[in-house]
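Protein chains: 2
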Amino acid sequence: MPEAAPKLARYLPILEWARTYDRSVLASDLVAAVIVTIMLIPQSLAYALLAGLPPIVGLYASILPLVAYAVLGTSRTLAVGPVAVLSLMTASAAGAVAAPGTAEYLEAAVTLAALSGIMLTVLGLLRLGFLANLLSHPVISGFITASGVLIATSQVKHIVGIEAGGDNWPAMLGSLAMSLGAANPWTIAIGVPALIFLFWVRSGFGRALTALGLPPRAADIVAKGGPVIAVVLTILAASLLELGAKGVDLVGAIPSGLPPFAVPSADLSLIERLWVPALLISIIGFVESVSVAQTLAAKRRQRISPDQELVGLGAANVASAFSGGYPVTGGFARSAVNFDAGARTPAAGAFTAGGIALASLFLTPLLSSLPVATLAATIIVAVLSLVDLKTPAQLWRYSKADFAAHLATIAITLLAGVEMGVIAGVTVGLLLYLWRASRPHAAIVGRVPETEHFRNVERHSVFTVPHVLSIRIDESLTYLNARWLEEYVLERVADQPEVRHVILMASAVNEIDASGLESLEAINHRLGDAGIGLHLSEVKGPVMDRLERTDFLEELNGRVYLSQNRAFRELARDDGSGSAEPDDMARGLI
Amino acid sequence: MPEAAPKLARYLPILEWARTYDRSVLASDLVAAVIVTIMLIPQSLAYALLAGLPPIVGLYASILPLVAYAVLGTSRTLAVGPVAVLSLMTASAAGAVAAPGTAEYLEAAVTLAALSGIMLTVLGLLRLGFLANLLSHPVISGFITASGVLIATSQVKHIVGIEAGGDNWPAMLGSLAMSLGAANPWTIAIGVPALIFLFWVRSGFGRALTALGLPPRAADIVAKGGPVIAVVLTILAASLLELGAKGVDLVGAIPSGLPPFAVPSADLSLIERLWVPALLISIIGFVESVSVAQTLAAKRRQRISPDQELVGLGAANVASAFSGGYPVTGGFARSAVNFDAGARTPAAGAFTAGGIALASLFLTPLLSSLPVATLAATIIVAVLSLVDLKTPAQLWRYSKADFAAHLATIAITLLAGVEMGVIAGVTVGLLLYLWRASRPHAAIVGRVPETEHFRNVERHSVFTVPHVLSIRIDESLTYLNARWLEEYVLERVADQPEVRHVILMASAVNEIDASGLESLEAINHRLGDAGIGLHLSEVKGPVMDRLERTDFLEELNGRVYLSQNRAFRELARDDGSGSAEPDDMARGLI
Numbered sequence: 001m002p003e004a005a006p007k008l009a010r011y012l013p014i015l016e017w018a019r020t021y022d023r024s025v026l027a028s029d030l031v032a033a034v035i036v037t038i039m040l041i042p043q044s045l046a047y048a049l050l051a052g053l054p055p056i057v058g059l060y061a062s063i064l065p066l067v068a069y070a071v072l073g074t075s076r077t078l079a080v081g082p083v084a085v086l087s088l089m090t091a092s093a094a095g096a097v098a099a100p101g102t103a104e105y106l107e108a109a110v111t112l113a114a115l116s117g118i119m120l121t122v123l124g125l126l127r128l129g130f131l132a133n134l135l136s137h138p139v140i141s142g143f144i145t146a147s148g149v150l151i152a153t154s155q156v157k158h159i160v161g162i163e164a165g166g167d168n169w170p171a172m173l174g175s176l177a178m179s180l181g182a183a184n185p186w187t188i189a190i191g192v193p194a195l196i197f198l199f200w201v202r203s204g205f206g207r208a209l210t211a212l213g214l215p216p217r218a219a220d221i222v223a224k225g226g227p228v229i230a231v232v233l234t235i236l237a238a239s240l241l242e243l244g245a246k247g248v249d250l251v252g253a254i255p256s257g258l259p260p261f262a263v264p265s266a267d268l269s270l271i272e273r274l275w276v277p278a279l280l281i282s283i284i285g286f287v288e289s290v291s292v293a294q295t296l297a298a299k300r301r302q303r304i305s306p307d308q309e310l311v312g313l314g315a316a317n318v319a320s321a322f323s324g325g326y327p328v329t330g331g332f333a334r335s336a337v338n339f340d341a342g343a344r345t346p347a348a349g350a351f352t353a354g355g356i357a358l359a360s361l362f363l364t365p366l367l368s369s370l371p372v373a374t375l376a377a378t379i380i381v382a383v384l385s386l387v388d389l390k391t392p393a394q395l396w397r398y399s400k401a402d403f404a405a406h407l408a409t410i411a412i413t414l415l416a417g418v419e420m421g422v423i424a425g426v427t428v429g430l431l432l433y434l435w436r437a438s439r440p441h442a443a444i445v446g447r448v449p450e451t452e453h454f455r456n457v458e459r460h461s462v463f464t465v466p467h468v469l470s471i472r473i474d475e476s477l478t479y480l481n482a483r484w485l486e487e488y489v490l491e492r493v494a495d496q497p498e499v500r501h502v503i504l505m506a507s508a509v510n511e512i513d514a515s516g517l518e519s520l521e522a523i524n525h526r527l528g529d530a531g532i533g534l535h536l537s538e539v540k541g542p543v544m545d546r547l548e549r550t551d552f553l554e555e556l557n558g559r560v561y562l563s564q565n566r567a568f569r570e571l572a573r574d575d576g577s578g579s580a581e582p583d584d585m586a587r588g589l590i
Numbered sequence: 001m002p003e004a005a006p007k008l009a010r011y012l013p014i015l016e017w018a019r020t021y022d023r024s025v026l027a028s029d030l031v032a033a034v035i036v037t038i039m040l041i042p043q044s045l046a047y048a049l050l051a052g053l054p055p056i057v058g059l060y061a062s063i064l065p066l067v068a069y070a071v072l073g074t075s076r077t078l079a080v081g082p083v084a085v086l087s088l089m090t091a092s093a094a095g096a097v098a099a100p101g102t103a104e105y106l107e108a109a110v111t112l113a114a115l116s117g118i119m120l121t122v123l124g125l126l127r128l129g130f131l132a133n134l135l136s137h138p139v140i141s142g143f144i145t146a147s148g149v150l151i152a153t154s155q156v157k158h159i160v161g162i163e164a165g166g167d168n169w170p171a172m173l174g175s176l177a178m179s180l181g182a183a184n185p186w187t188i189a190i191g192v193p194a195l196i197f198l199f200w201v202r203s204g205f206g207r208a209l210t211a212l213g214l215p216p217r218a219a220d221i222v223a224k225g226g227p228v229i230a231v232v233l234t235i236l237a238a239s240l241l242e243l244g245a246k247g248v249d250l251v252g253a254i255p256s257g258l259p260p261f262a263v264p265s266a267d268l269s270l271i272e273r274l275w276v277p278a279l280l281i282s283i284i285g286f287v288e289s290v291s292v293a294q295t296l297a298a299k300r301r302q303r304i305s306p307d308q309e310l311v312g313l314g315a316a317n318v319a320s321a322f323s324g325g326y327p328v329t330g331g332f333a334r335s336a337v338n339f340d341a342g343a344r345t346p347a348a349g350a351f352t353a354g355g356i357a358l359a360s361l362f363l364t365p366l367l368s369s370l371p372v373a374t375l376a377a378t379i380i381v382a383v384l385s386l387v388d389l390k391t392p393a394q395l396w397r398y399s400k401a402d403f404a405a406h407l408a409t410i411a412i413t414l415l416a417g418v419e420m421g422v423i424a425g426v427t428v429g430l431l432l433y434l435w436r437a438s439r440p441h442a443a444i445v446g447r448v449p450e451t452e453h454f455r456n457v458e459r460h461s462v463f464t465v466p467h468v469l470s471i472r473i474d475e476s477l478t479y480l481n482a483r484w485l486e487e488y489v490l491e492r493v494a495d496q497p498e499v500r501h502v503i504l505m506a507s508a509v510n511e512i513d514a515s516g517l518e519s520l521e522a523i524n525h526r527l528g529d530a531g532i533g534l535h536l537s538e539v540k541g542p543v544m545d546r547l548e549r550t551d552f553l554e555e556l557n558g559r560v561y562l563s564q565n566r567a568f569r570e571l572a573r574d575d576g577s578g579s580a581e582p583d584d585m586a587r588g589l590i
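Just so you know, the sequences run in chain order Y and C.
UniProt numbering numbers the first residue of the first sequence as 1 and each following residue consecutively.
UniProt numbering numbers the first residue of the second sequence as 1 and each following residue consecutively.
These aren't lab readings, by the way, just hints derived from the structure by calculation.
Mixed in with the good hints there might be a few duds.
27 angstroms max Cα-Cα, derived DSSO-like pairs, lysine-lysine [stated by the list, open to error]: (1) C:K390 - C:K400; (2) Y:K299 - Y:K400; (3) C:K299 - C:K400; (4) C:K540 - Y:K540; (5) C:K400 - Y:K540; (6) Y:K400 - Y:K390; (7) C:K299 - Y:K400.
None of these values were measured; they are calculated from a predicted model.
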């Protein structure tokens, strides 16, 4: 059935690229997979730590999800796995139902992945990807900045070796300040140099490698492996100096082996408490992933399908849940590395999964002496690059409404946590949008002398007559502004008692919904009661087609004119006196 | 301080009309007040019954609230008091926290009035009246229809004298059907004739009075007094035939006297459980009232101020709470009677309050023999006129999206109650709106031969060149459609590999918010990576002013052209060959 293939390929993108898979593509994908694997191992462990989970869960979440995305995702180069923001959101949601370290906590994290996977898949199948639009850029950027600050703050305790807590940012700072006296010097001796080294790897390492003669692109890729160097060096330090006995927190024994296959529990009371955070995790994860995927696809003039991406990410999360993992999505840094390293198909992701599987089989014993401070330093360096201090000033200059949404998101995220932060940002953004949508632009217009053009009376010197009121509506008439239209027209009429004809110039009205129609009917009846005619001009074809399916045109207390000019010319003559108009008026009119 | 007066009058509308109050206005207002009082007494008792409250509470809610609205409301003719839909919503909300007839139930009703009063006032002071726009006409009309059906069904038991319950419509019907065997013949003998009489009063009584020689307007007003006739006749019947002893449910002893002045309890746990229904009651009440007020104001070319109306209705509800009443708003039927009877200022409302106060002092002993069936008949006749069976068919013809919102509201209201119905309607309406807003109209355009106009390539026979893609965007760029724009532009480019220049024609773009700007930047970078120029044409002045405050124009990988024609002419020449273009192409271009 060769005809079925393109249609099927829409839902199984693997059919698209697997047909032309050959040895040269395989070679490119394998190189990329090795590089991403090296980068992903410390990241997976670190993000699991951030999520409050055993480090091995980070590896589990980096195997099957990558295979599932390779089969169902549409991006050729997206690298799926645990990411910082979703790890923080998982910690927040799971922490609300259980204590970290307990079996219930792990169960909550797995349930979040399962719920999020189902939600993403359903949203994709129902083609509801547009819901992600509710997160405006200022809200996302505020959320990412605030999350970065929260995450970095939460890791400081591991760098200095103390216990600290706190539900919100001020509380976290306070708790840190109070326990700082108990800092462990050995932990600091590992954590602070690791932090400095990793910052330098980000900023100066690549340049140093180039100076040593490495080609710039290769230097850049090797620099991304910096965390592996930090991991190896600190494992050696911890083993040789026996730092575990000196109070330095180590990762400890990690059970080696492949992830367990386990059906996630379907505990209804747990689902009831986790569905809201799962929905937020789904939407945040989707937005982060789809923008990375779009950026990379555009560079090679490829396409992604956002609705199919929902299905791909949904499958990845379901796979994560079935293999004891937690919520995953496409990460920015590792996808860029995958792209730069030359990945050409999603098979690179599947090969990365193989690499991680090998690591969890054979490398885990080596990781038991890894200081937690190293992982914390990895996280801090990764998330501080997310903190964006330029955006607030840019938004302030560009749009006060967007600035308000941005600031509200940052403030609420820092003070009330990630979930409330997202909800507040979406709500503020939506309210500001609805407020603007409920007050669209309209203008009283008059005729520009010696032309047939009608312009705003406030901006141009135009010709009008007192008994005709011409209103140009610069927006579609929907339920959000229907009430506004009634008020606007009736107030203008109340202001101008001589008015006997109102012309609504509909040249910019692309749609009239049922509420807009009902408002027009109400305006028509009210003007009719006051003895005033209501006329329309320049109604667009599709709008007119729909109006003709109603009684409105029959009940209309006036006429529909093809052009504003004709409407004005005809109605301006009807000054109520029944006699011919004075010469000067006629001059303006004809 | 004469200058202060107009500003103060904006917040105290009484200052506006009281200055010109004279004896002729007083006479008009008094006549209207007498007529409305006669109409309001049975209505108040009936709606209190519907709300599950003692009948006297209906009278309480018809005294102080009217005085408060007279001072602070902006409509000259709105008649405030208990209405059917809010009574049903009160019954639903109070019934969820206490059993009808208990002190807790009454406390819940009073708390609802207090909360609703505070919410309305705050919304008014913050000028948030636009939130009422979220209730589209199809949602309101669906809600009113479904409420009418629920209310009428809930009263059938009183007409036939049985006990019945049910949380939703099917359950109510089932409960009625099961207990129908226990019907009381004496109750039916009162209820059914009362029902038939009241239906006839609505439809034929006015005409009969006109036939008897009464002027049509007077006949119409007297017909509105029909319920009073039914009340008097059934009281006589009940007293003479001693129907109370025969199992007919009577109103019973009503404590006479003025309403108690009582500070509503501020029980936090009660407030926590009632704030959502109170918010819905506020918004539904406001929408109902403001549309009545606008209709009546327009008839006399008067104005109302929606934000001040919120304050007026808020004060009325606070007054209701302080005098043992329940939520009130402006009612349609009684406001129309007030208007027709010649009310000229809100003082008519204050005089009506006086009339109701006299009634509660002196008439209540006469009402104790009133059969409940009479009140139920009053309610049924009033609410069945709200049921609107034409709207669904009209909406189906006019707009499938509006039809969907209407039907969802009716179905959820009947099956899951009034609160879920309103929430579902608002949600469905908003989702459909956001869905449309996220997919605005755009078109690939080409030049109409021998003109400088650019039109949709799909509708017109126009001139294009393969290496220039001109896209006209017919909508402002906001966060809701920012992602769409990226996808749309990048997909068009992916479809047409020869493209070397993209022109976005921005003639219909009234605004670009921060997300729209960021999408333009992303498009610019992605096209730049692919070696394609991005150009803008016909950018509006205010939009350009804001763009100039950003780095976008410097980073733009192309130019901004004043006209689409100039952009196309210039870029079409750049076919990448560097040589002069062939003659036939030049002919099309210059």
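*Could you tell me which of the numbered hints above are not met by this structure, giving the numbers in increasing order?*
2, 3 and 7
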